[in-house]
Each structure stands twice: as C-alpha cells, then as structure tokens.
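*Asks:* Fit chains B and C to the given chain A structure using the hints.
These are the residues of each chain, in order.
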Amino acid sequence: MNPAIDVDHLCKTYKIRIKKPGLWGSLLAFVSSQSNEVFAVKDISFKINSGERVGLIGENGAGKSTTLKMLTGILVPQSGKINVLGRIPWKERQQLALNIGVVFGQRPQLLWDIPVRETFQLLKTMYRIPDSTFNYVLHEALHRLHLEPLLSTPVRLLSLGQRMRCDLAAALLHAPSIAFLDEPTIGLDVSIKEQVREFIQEINKKFNSTLIITTHDLKDITQICKRLIVLDHGTLLFDGSLKQFENQFAQKKRIIIETKAPTAPAKIQQLKPALAKLNAQLLEIEGKRLVFEYLSAKCTPELTKLLLKKLPVVDLSLEKPDIENLVTQIYKKKEIPHA
Amino acid sequence: MRDSVFQTLTPMDRFKGYCSFLYRALQANFTYRSSAFLALLTSIISYCFTILIWRYVYAHPSPRLTISRTAMFVYLPLAFCLNFALTTNIDIRIGQRIRLGLIATDLLKPLDFQFLQMMQALSDAFFNFFLSLGVFIVAVLLLKGNLFPASVEDFLAFLVSVFLAFIIQFSVLFLFIQGIFYTNSSYGISASRLSLHLTFSGISAPLTLYPLILRHIGEWLPFQNIIYVPISIYMGKYHGLALIAALVHQMLWALGMYLLGYWVFKWTLRSIEIQGG
Amino acid sequence: MNELKIYWSVFKSSLQAKMEYKLDFLIGMITSIMLQLAALGLLWVVIHQSPLLGGWTGKEVLFLFGISATALGTAELLFNHIWMLPYYIVMGDLDRLLIYPTPPLPFLLISSPVLHSFGNLLTGMVLLIYCLSHFHEPWYIWMMVPLWSFCGTIIYTSMLVCICSLSFKFIGPYTYNLNFVHSLLQASRYPLSIYPNWLKYLLLFLIPFGAFNFLPGNFIFHKLFGLFGAWIAPVFAALSIWIAKQLWTWGLKNYQSTGT
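Residue numbers (the numbering used here), protein chains in the order written: chain A, 6 to 344; chain B, 6 to 282; chain C, 21 to 280.
In short, the hints are calculated from the structure, not lab data.
Take these hints with a grain of salt, some might be off.
[What the hints assert, rightly or not] Incomplete in silico selection of chain A near chain C, CB under 8 Å:
no., residue
1, Thr77
2, Asp118
3, Met131
4, Ile134
[Unchecked claim] Sample of chain C residues with no beta-carbon within 12 Å of chain B, all distances over it, derived:
no., residue
5, Gly74
6, Val146
7, Phe248
8, Gln276
All residues carry an ideal CB built from backbone N, CA and C; glycine is no exception.
Chain A with its partners taken away, still in its complex shape:
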C-alpha cells in the first residue's frame, strides 16, 4: 500500500528583504530589492502511512508551519517531492482539499459574519458531505465540544476558545482522510484542551483518519500521537515512535538521594572513582540533597548499592525525564555548545 504522505528531500527557502534602518533605509528598500535567502525547510524526507497519528514539533521557526503549508498545497516547494494521497498538493490543491481537513490554530478559518450553523451547512455543500457523516461528526462536536449554544452566533462574536472549537469541528466535518492540525489547542483552557483532544481521538478512531499535529503543548502529542517528528531549523532531527524517542534521548537517568547530614566534600572526592566506573557523575549538591546522573539503565542496581553503602541515605528516588523535559533539553543543547 502507498503511504498517505510521502515527502522526499523537501526544501523551501524564503527571501528576506534586507532593509537598512531609518528613513533612508525604507526609501532604499522601496526602490531596490536586495534579499537574503533563508532556508525554512531543508532536505526533509519522511513517509506517513494512512491511519498514523504523528506529532510534528519544533521551536518557533523550525519549519513546522511551512512544512504543513506545503503538504496542504498552500505553498509550492522549492525542490524535492511531496505526494499526499497520491496527489501533488500544489498542483492539485483543490482536489486534495476535498480529502483533507486543516486547522490553523492561530487564525480563524470560518467566515467572519456568518453564524456557525450556516458555516457548517456551507461546508456540507462545499465538501459534498453525506448526511450520515455530517450528522455523526456534528453530533460528536456538539456533544464533546459543547457547541450547541454557539451555533447561532456570528463567528466574529465568538471568543478565541469558542472559535477554535468551531474551527476544529469545521475542519473535521467531512471526515477527511488526513487532518492537519496546526496548534489545535493554542490559547485554550486546560479543561477545553482535554475536550478538544478527546474529540480528535474520537473522530480519528471512527474514520481511521491520518493525523498530523503540530503543537507546543506536548500533552497533545503524548495523548494522541504514536509517532513523533522533530524539526529543528528546517532539518529533520528525529523521526520515530514516542518510545524510540525516549530511548534515544532519555538514556540519562537520575538518582536523587537525601542524606542525614550534609555531605563533606572530602567524602565526595572519595566517591568519584567509583562513580566514574559506572559512568555516573554528581550533578548537583544542595545541602542534604544530592543528584547523580548516569547513562544506562543497567547500572541502576550497582549505583544504588554503592550510594547506600557509602552515604547515610534517608530517601532515594529514581527520575526518568519525561518527553517535555527531553524536548526542552534537546533545544537547550543546541543553544549551549558542549564545552
């Protein structure tokens, strides 16, 4: 079976106008157009099978939105190939649009002046949605996202959270084969985020649609997705399952112990060779609290034994960084080059 999405060596550059500051600068920019080319997406390849749920993460400017826009046919790629549902998005954008659903979390998609109900009816005509699908998704949306009281309100009178829920319902109304959700939970309350995630999962389960989610809230991903793609400055940093991601980046574990009395520096010096043997090191020392970091899970028993023997331990806990921590660590590492 062909993959639902096939991206092959995708590149996209942006032209950034060079503008000198001040009045003279704006005048110059007005007549001449010097520009710099900046890579937004640089040589990315991946395949996504139908029914997969993929989280796409990266810092601001990592190329998430650009990638999404190219996948939906809004932007034309510079080079490389994209194939979505057997079509080339930018060439066959309108045909493709029938089979995909898109949410751009930061912008409202619904028509500004029209009540939500009318918009839904409009989308029904536009996407030629069969009654059964329409009624099912609408029912789910009304039920799970509590849209009932919003139906007769014009879009421009809705609050951000309300609009977002309506947007999401609108994007999934035609049970698209692929749903691209760009920041579907941005700016929402925690409880509403939960509702949104449940709704997405429900629709995904029912229609077995492919999901691509970009987000800054990693809970979206841990709850919904099975697979993670990490972009960084336009390049592909990681592509694999959540489990793999943890294994690859979460090799470092921590032991945190608390001792009866503050540990003397001399004692720590004594410990050092033994720790080094186990590939572990003292990370932090703060009064009675000591944090050790070590590489492989295999060492856990021996390290624990060592610490219990040498130090007056009153409390001991193991810590495995969660995905959120991992991602922040990855970003941080780039910023601070290794000494």
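*Replies:* Showing chains B and C alone in chain A's frame:
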C-alpha cells in the same frame, strides 16, 4: 519621602508626558514613511482629475468665470496640500483602538485622552505638511500659478490660520469617530464626514462658485474654516479688520469644536459604562 | 453547478448577517448618497463656469454619473471584498482560502457584500431615469443601460483584481493601489474628451472605463462611433475578466512560491 499615598502630577509632569508622547509618535511616523509616500502619490493622482477638469474649464471658459486662472491654480494646489497636511489617520487609529478594546488602557493613562490624540494627530500633520509643501511648489510652478502669498503679514496670518484649521479638523474627526460607540458602520462615520468635507470645505473649488444655498448652510458648519478660510488669507482676500475677524471666527470654531468633542466624549464614556460595553 | 450553489449560499448568508444591522445599513446608505451628491455639487459648479464640457451638456454628463454610480453600486454590493485582499496578504489569511476545495477568487469576492452601496445604485438609477426620460430616449436604449452598467461592474472589479494580483509581486499589499482604480472610475464620470490625450487613451484602452460610460454616451447623444459604441462594453468586459483571471493565477502562484 512621600507625604501622601496618592501621587499627583504637577503641570510640569503632564507637560513632559505630552512631550514624550509627541516625540514617540514622531519617531513611529518616521519608520512608516514609505506607506505615507504611497498615500501621497494616490491622493495626488486622484486630485489630478479635479485639476484637469478645471484646466479644461479655463481653456473653455464662460463669461461667468470671474476667478483668474493664476488665482485658481494657486487655490487648487494649496487646497490639496492643506487637505493632505491635515489628513491625519487619527479617526482610523481611535476607531481601531475602540474596536480592539484598547481604549481602556488609553483611558488609564494619567493624561487627557483627547489631548494625547491631538498630539498624535499633530505628529501626523507635521510630516504631511513637509511632504505637501514640496508638492505645492512643484504643482504651482507646473500650473503657472502665483507661488507667493499676498504679503508677509498675510503669510504669518496664514500660518496661524492653518494651526487653527488643524485644531478644527482634529476636533471634527474626534467628534465623528465617537459615532463608533453607537454603530458598527465605520464606513458611515468616515464617509459622512468626508461628504460634508467635500461639499463645504472648498476643497475642489473656491466656495464663491458654489450655489448660494450651500454657502448659507456652510456658514453654520466648521468645514469652510479648514480649507477655504486659510487659503483666502494666503491669497490676501482679507484686509485689516476683516482678517482679524476671520481669525477670531476660526478661533471660536476651534475652541467650540474642541470643547464639544470633550463634552461629548465624557458623555459617551459615561453612557458606555452604564451599558457595560 | 455545485460551485455556483456554494457561492450563492455564501452570498446569501453574508447578506442575511449584514441585514441584521439596520441602523448601519441606513447610515451607510445615506452617506453613500451624500458622497454622490457632493460629486454632483462639483459638477454643478463646473458646468456653471463652462456650460459645454467637451461638447456635453450638464444633463448629458448626468448619464455618465448615473452609469458610474450604478456600476460602482453593483460592484460593491456583490464583489466588494476584494478590497480586503491586501489585509489578507499582510495577515497571512489568504492561506485559509486555499484550504477549501473551491477556487479562492470568487469565494473571496462574494464573501462580504456591502449592503449600503445600494445608496450608490439608487442615486445612479435616479440619475439615469431622469436623464433618459429628459431626452426621450427610445426603449432599446433603456434596455441597453443595465447591460452597460453591469459591464461596468465587471470591468471595474476585474481591474481591481488585476491591480491586486500585480501588487502581490511588485508594490506590496497596500489598499492605496486600489484607491487608484477607484479614482479612475470617478474620473470617468466626466466626458473623456475634456482630458488630455494620455488620460483619454488610458481610460479607453488600458483601464477601459470609457467603454461602458463614455462610448455608449456618445452613441446615445452624439451619434458618434455608431453601434461600435453601443456594443464595445461587453467585449471589453469579457476581455477584462480574462486578463484578470490570468493575472490572478499568476499572482497567486507568486504568493504560493514566496509565502509570507
């Protein structure tokens, strides 16, 4: 050491506040100049049609045409430039702030809202003034009009008159934009002012050419004091007492309109609070 | 067919939504009439000083004013949203039109009708009726007038689309560019024969507002250009739609390859 929990602003503090606001506004205007050039260009083009129409009229005049060609082609460029200089985006600015709900933060500032907005308008007008000065000189030379004012006194009076015209124009804008509290039609608000301005200010022709009824109505409206009166002063239409009378007349309009704006705004804010909007 | 249904339902629902603001509609309508009257005021002044404008009497010029007003009225009533395109580009909102399975341009055009422009339409109709009955025009002229006016709507909107598409690439998204087209339409309310040659030819060929205004008027009042003057408007309308479509496609392609 503070002797009271409440701090009060001395007049000096206030003055400094207004000055720093004006400075910021000027600075911001400097950064967005390229769009102002475009604005100037499009207004020139659209005003060109008015000039072309008058050019035709002077090529085929009727005996009724009493204004001389040279006078007309000072009047029209000057009317354009004055109008452009006094065209501030203040109504759009305030309208946007009201619509986005930012007006609340403006009102929290310890300075008078109306006066702050006038400072903003002044900074807009300041740039437009220099832009349009160049346009005026070029246009009058091209059209072979008479570039110089009637006399030095007239020119000085003209400068005073322009400043008063600025206050009147600002106050009119400030009054009209408050309509946005009562209706959603921002088009209606700006276009109704524009239509009155076009009819009664004398922007497209000297008011003496207009039908009598319109001129009588115009006497009761502030608009002729914005364009027609300053230009008439520039062209030396008023002498001695008449000149002073015209300036005093303008001054009264400026004061009256500013105060009217002030009171209506106060009243508007109160009624808005009651509505809870 | 499905697409027409979609456009119709977008238009219908926006119209319904706008209908709810009766006061806004009323104010807007009155002010658009007032703006037309202000322009007529200037015409009065000009005619008073020079009774024959390029060979046209004041009452004949009213025909030009009428056609322009009805063309503008209909254009704003149906397709006014093109004026928002610059904002769409600046805010990156054009993207949201591109995710729908319908062509974005018609969708954009009709998605926010300006009801109060009915004031323009009304003023124009009054002027035309007055003018045509004053000159005792035969019935076939009365039949032709709506056609000319609608051609005007099409040509005006097409020109706006053209300028918008060009501004994707060259000038940058400013509404000023569109104001230029609007003021050309205003200029075409006077007989083109009073303008210098460059402007005359600009308004006849490049931005052909003369085709639905000046040329038909010549056909009626001065028997110039004969049937050519009467039938050139639809030809120019068709041509300008075609050009607008080409330029739009080209402009959109530019937008899609540069992004925001």
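*Asks:* Hints numbered earlier in the text: which of these fail when held up against the supplied structure?
*Replies:* Hints 4 and 5 not satisfied by this model.
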